[in-house]
Amino acid sequence: GDSVTQMEGPVTLSEEAFLTINCTYTATGYPSLFWYVQYPGEGLQLLLKATKADDKGSNKGFEATYRKETTSFHLEKGSVQVSDSAVYFCALSAPPGNTGKLIFGQGTTLQVKP
Amino acid sequence: GAGVSQTPSNKVTEKGKYVELRCDPISGHTALYWYRQSLGQGPEFLIYFQGTGAADDSGLPNDRFFAVRPEGSVSTLKIQRTERGDSAVYLCASSPELTPSTDTQYFGPGTRLTVL
Chain P
1 GDSVTQMEGP
11 VTLSEEAFLT
21 INCTYTATGY
31 PSLFWYVQYP
41 GEGLQLLLKA
51 TKADDKGSNK
61 GFEATYRKET
71 TSFHLEKGSV
81 QVSDSAVYFC
91 ALSAPPGNTG
101 KLIFGQGTTL
111 QVKP
Chain D
115 GAGVSQTPSN
125 KVTEKGKYVE
135 LRCDPISGHT
145 ALYWYRQSLG
155 QGPEFLIYFQ
165 GTGAADDSGL
175 PNDRFFAVRP
185 EGSVSTLKIQ
195 RTERGDSAVY
205 LCASSPELTP
215 STDTQYFGPG
225 TRLTVL
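Line by line, the protein sequences give chains P and D.
Numbering-wise, the numbering used here puts 86 at position 86 of the first sequence, and it's gapless, one number per residue.
The numbering used here runs 114 ahead of the 1-based position in the second sequence.
Hints are not guaranteed to be accurate.
Stated by the list, open to error - The list that follows gives simulated cross-link-like pairs (lysine to aspartate or glutamate, EDC-like), each with its CA atoms no further than 20 Å apart:
1. P:K56 with D:D217
2. P:K113 with P:E16
3. D:K129 with D:D177
4. P:K77 with P:D54
5. D:K125 with P:E42
6. P:K68 with P:D84
7. P:K52 with D:E211
8. D:K129 with D:E211
9. P:K52 with D:D217
10. P:K60 with P:D84
11. P:K56 with P:E42
12. P:K113 with P:D2
Keep in mind the hints are simulated off the structure, nothing from the lab.
If you're wondering where the values come from, they're calculated on a predicted model, not measured in any experiment.
Just chain P, with the same shape it has in the complex:
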């Protein structure tokens, strides 16, 4: 079945460091790919998304490119801030049925230290 695999956390970085969180997927058909973020004490919210191969999603300095050849959607940011500390979830929405049902990875905790 469809699935998402994320790198194990926690990831601990110093402020202004470069961030990569790896995400790979298995899906039939052509899924849409998402990164959701959960800040401490808050609900899940969309960070960025890409709906077809080679699309790049971007928001708040974060980027991810939909790579069909490597079935990946790695999250990157050039310079992290303490306020980026959160749990990051990679997810996919795959046909058939077009229901929008999301399949999530297990989440990666990011801690940024000043």
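Let chain P serve as the given structure and place chain D on it in line with the hints.
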């Protein structure tokens, strides 16, 4: 505007009891989803409503779980004969359903269910 709201925020119950969890989606959103998140895991899909009807209930773990959305807005997730393994955070999300597979889903804060 108002986001997705869920009540109660916390629910503690005893094994074998019945519970109801409520979700108020964003006004005008026709798609509504329930997910369950266990500690340290990503959310797992339970059920999807398109308007009043359950279009996909493939994630409901067994027949103790049931959900309704009678008027196409508020939804209630019902769990009968609760078990300790049902303890989790139950999340609700809604989307405008312009294109379900690519729509952004807006999540509520969740209901933390603890079964003693």
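Comparing the hints with the structure gives:
Taken as a hint, the K56 (chain P) and D217 (chain D) pair is honoured in the structure, with Cα atoms around 16 Å apart against an allowance of 20 Å. Distance restraint check for K113 (chain P) and E16 (chain P): the Cα-Cα separation of roughly 10 Å lies within the 20 Å cut-off, and the hinted pair is therefore satisfied. Pair hint K129 (chain D) plus D177 (chain D) holds up; C-alpha atoms about 16 Å apart against a cutoff of 20 Å. For the hint linking K77 (chain P) to D54 (chain P), the alpha-carbon distance of about 18 Å falls within 20 Å, and the restraint holds.
Pair hint K125 (chain D) plus E42 (chain P) holds up; C-alpha atoms about 18 Å apart against a cutoff of 20 Å. At roughly 27 Å between alpha-carbon atoms, K68 (chain P) and D84 (chain P) are farther apart than 20 Å, so this suggested pair is violated. A hinted pair counts as satisfied when its Cα atoms are at most 20 Å apart, and K52 (chain P) with E211 (chain D) qualifies at roughly 18 Å. Of the pairs offered as hints, the one joining K129 (chain D) and E211 (chain D) is violated, with about 37 Å between alpha carbons and a cut-off of 20 Å exceeded.
Annotation: proposed proximity of K52 (chain P) to D217 (chain D) holds, straight-line Cα distance about 13 Å (limit 20 Å). A C-alpha spacing of about 10 Å is found between K60 (chain P) and D84 (chain P), which places the hinted pair at or below 20 Å, so the restraint holds. Proposed proximity of K56 (chain P) and E42 (chain P) is contradicted: the alpha carbons are some 26 Å apart, above 20 Å. With a CA separation close to 35 Å, the supplied pair K113 (chain P) and D2 (chain P) exceeds the 20 Å bound.
Comparing the model with each earlier hint shows violations of hints 6, 8, 11, 12; every other hint is respected.
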